[in-house]
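Here's the letter readout for the chains.
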Amino acid sequence: MGKQEVVRLINDKGLRVDGRGLGELRPLKMEVGVLDKADGSAYVEHGKNKIMAAVYGPREAHPKHIALSDRAVVRCRYHMAPFSTTERKNPAPSRRELELSKVIREALEPAIMSEYYPRATIDVFIEVLQADAGTRCAGITAASLALADAGIPMRELVAGCAAGKIDGKVVLDLSDIEDKEGDADLPVAFMPKSNVITLLQMDGSLSEEEFRQALDMSVEACRKIYEMQREALREKYHIEKEETEEKTETQEVKA
Amino acid sequence: MSFTRQLSPVAKLEQKTVVDLILKGKRIDERTPLDYRPMTIMLGVIDKANGSAQVYLGKTKVVAGIKVEIGTPFADRPEEGILTVNSEFVPIASPTFETGPPDENSIELARVVDRGIRESKAIDLKKLCISAGKKVFMVFVDVYVLDHDGNLIDAAAMAALGALVSAKMRAFKVKDGEVEYKDEMIPLPMLNYPVPITTAKIEGTVVLDPCLEEEQVMGCRLTVTTDKNDQICAMQKGGLGYFSPDEVKKIVATSIAKARELRNTILSKVK
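Chains U and Z are the protein sequences, given in the same order.
Just so it is clear: in the first sequence, position 29 is 29 by this note's numbering, and no numbers are missing.
Just so it is clear: in the second sequence, position 214 is 214 by this note's numbering, and no numbers are missing.
Derived by calculation from the structure, the hints in this document are not laboratory data.
Computed from a predicted model, the values in this text were never measured in an experiment.
A few of these clues could be false.
[To be verified] Computed cross-link-like contacts, BS3-like style, restricted to lysine-lysine with a CA-CA straight-line distance of at most 27 Å:
no., chain 1, residue 1, chain 2, residue 2
1, U, Lys-169, Z, Lys-121
2, U, Lys-180, Z, Lys-127
3, Z, Lys-228, Z, Lys-175
4, U, Lys-64, Z, Lys-12
5, U, Lys-89, Z, Lys-135
6, U, Lys-180, Z, Lys-126
7, Z, Lys-12, U, Lys-193
8, U, Lys-224, Z, Lys-271
9, Z, Lys-271, U, Lys-169
[Claimed, not checked] Covered stretches of chain Z, as calculated for chain U (at least 3 residues, CB under 8 Å):
no., region
10, 2-12
11, 42-48
12, 112-124
13, 201-208
14, 244-255
C-beta atoms are modelled at their ideal positions from N, C-alpha and C, and glycine is treated no differently.
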């Protein structure tokens with residue numbers, strides 16, 4: 001920020017630094033069941049972000065006093081590897097990571113049917129191996145795949161994607177430089193079938209109208225990412241597309 | 001690691017009363033859904049701080065203090081002063097607050113307050129540079145929660161804003177990279193005035209400024225911080241529930257209008 005006179009993020013043709021259009025997502029790659037020991041796992045590449053998520057549980061709550069009598073406790077840790085950023089990141093959890101662990105948990109919990117596992121815990125671990133803006137959203141995309149892979153009943157998959165504003169224009173899915181030099185960032189997590197937002201944060205400066213545009217844009221992108229998540233699960237469990245078309249996520253996971 | 005917390009048993013008994021009232025369009029403290037509790041703010045309550053403010057939001061009490069000190073700038077912002085926001089949930093404020101390092105709620109609160117001030121460029125940090133890359137003024141905003149009756153984020157951020165606008169530092173000039181103080185006191189270089197508005201969703205009903213009982217039953221909350229030009233500068237959703245996109249858009253519109261009102265109240269106190 002502040003340097004936007006120097007750095008131009010959108011060229012005369014309306015293309016961004018990495019050649020994308022304003023409403024274009026970065027390339028995504030998703031793989032389910034990538035870890036042997038975890039009950040569920042997923043690997044997501046979102047642009048240059050490389051994120052690994054693992055789910056352990058439902059398992060016995062430890063320490064016991066955190067157990068809840070009517071539902072499972074969901075625990076979540078978002079963590080960045082020391083080598084994931086340009087400058088080495090101290091591996092001790094930062095205040096940012098603590099906050100993100102909380103908002104990511106709150107983004108995932110609405111989807112998890114934790115009432116099926118009273119007194120248990122479901123642990124979600126998100127490790128950012130390489131960070132390039134949008135790690136919390138990609139982390140949520142990966143974590144909900146890992147939860148599905150672990151066979152945990154879910155109302156729906158959660159997909160994450162940010163929108164923002166660069167050079168005065170509302171754009172989708174900011175990259176690292178766009179995040180640093182841009183005017184606003186709006187990370188969103190969304191459950192498409194229920195049409196609900198489970199994570200919403202914003203920093204920067206947006207007018208009410210720009211916010212509405214950015215929100216619509218990121219919600220639309222989450223719908224696309226959701227389809228990719230379904231495809232990744234089908235791939236893993238060798239399910240033909242027609243079979244799952246009308247089924248819910250829960251059934252798909254059990255298949 | 002962040003994990004799902006349990007409500008106290010008393011809160012569980014209260015849940016039904018609160019929810020029943022909300023479903024009838026009423027609230028436990030007799031407000032209407034879009035009523036904000038009366039907010040009173042006193043500036044300059046702590047003489048030893050550079051700036052301070054105490055906010056009463058219903059029964060919620062928060063005090064914020066500003067200290068200005070000299071330190072080294074961050075390597076990536078050599079010509080800018082430093083803003084640090086910290087919050088303490090001290091045990092006097094609630095039976096659920098414990099001593100020890102800040103928990104995730106306290107960290108979240110401080111970061112949401114920080115985001116509002118930082119992203120609205122409320123303080124002109126460039127004016128706090130003494131010697132580029134070597135020496136700058138650091139503005140510490142410390143928020144103390146004294147009594148927790150809900151909606152700490154709004155109370156904390158308004159106290160922080162009040163403390164900032166009331167803050168005075170010694171006038172200075174820079175000579176050969178060193179600070180030379182003058183006798184007079186000057187205000188901090190303020191450019192903007194961010195105000196957050198928090199809304200809670202309880203059983204599908206959206207209510208402004210949740211009190212503690214309401215926070216214990218809410219599905220989720222949304223904080224929208226807007227600046228003096230009605231631009232949105234920070235947002236934060238919290239809680240295990242969810243909002244539809246249309247609900248969010250409505251909440252943003254309500255928040256912008258309400259923030260304008262509260263901003264005027266705070267600024268009217270500045271002498």
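For this session: With a cut-off of 27 Å on the C-alpha distance, tell me whether Lys-64 (chain U) and Lys-12 (chain Z) pass.
Result: Distance ~21 Å between Lys-64 (chain U) and Lys-12 (chain Z) Cα, so the pair holds.
Exercise. For the region 201-208 of chain Z, do three or more residues have a beta carbon lying closer than 8 Å to a beta carbon of chain U?
Worked result: violated (count 0)
Exercise. Quick one, are Lys-169 (chain U) and Lys-121 (chain Z) close enough, alpha carbons at most 27 Å?
Worked result: Holds, at about 20 Å.
Exercise. Given the hint that Lys-89 (chain U) pairs with Lys-135 (chain Z), does the C-alpha gap stay at or below 27 Å?
Worked result: 24 Å, holds
For this session: With a cut-off of 27 Å on the C-alpha distance, tell me whether Lys-228 (chain Z) and Lys-175 (chain Z) pass.
Result: 35 Å, violated
Exercise. Per the coverage rule (Cβ-Cβ under 8 Å, at least three residues), is the region 42-48 of chain Z covered by chain U?
Worked result: Not satisfied, violated; 0 residues make the cut.
Exercise. At a Cβ distance under 8 Å, does chain U reach at least three residues of the region 112-124 of chain Z?
Worked result: Holds: 4 residues of the region 112-124 of chain Z have a Cβ under 8 Å from chain U.
Exercise. Straight-line Cα separation of Lys-224 (chain U) and Lys-271 (chain Z) no greater than 27 Å?
Worked result: It is violated: about 54 Å lies between the C-alpha atoms, which goes past 27 Å.
For this session: With a cut-off of 27 Å on the C-alpha distance, tell me whether Lys-271 (chain Z) and Lys-169 (chain U) pass.
Result: 39 Å, violated
For this session: Count the residues of the region 244-255 of chain Z whose CB lies closer than 8 Å to any CB of chain U, then report whether that count reaches three.
Result: Holds: 6 residues of the region 244-255 of chain Z have a Cβ under 8 Å from chain U.
Exercise. Between Lys-180 (chain U) and Lys-126 (chain Z), is the straight-line Cα distance small enough, at 27 Å or below?
Worked result: 18 Å, holds
Exercise. According to a criterion of three or more residues whose C-beta lies within less than 8 Å of a C-beta of chain U, is the region 2-12 of chain Z covered?
Worked result: Three-residue rule met by the region 2-12 of chain Z, so holds; n is 4.
Of the numbered hints given earlier, the model fails hints 3, 7, 8, 9, 11, 13; all others are met.
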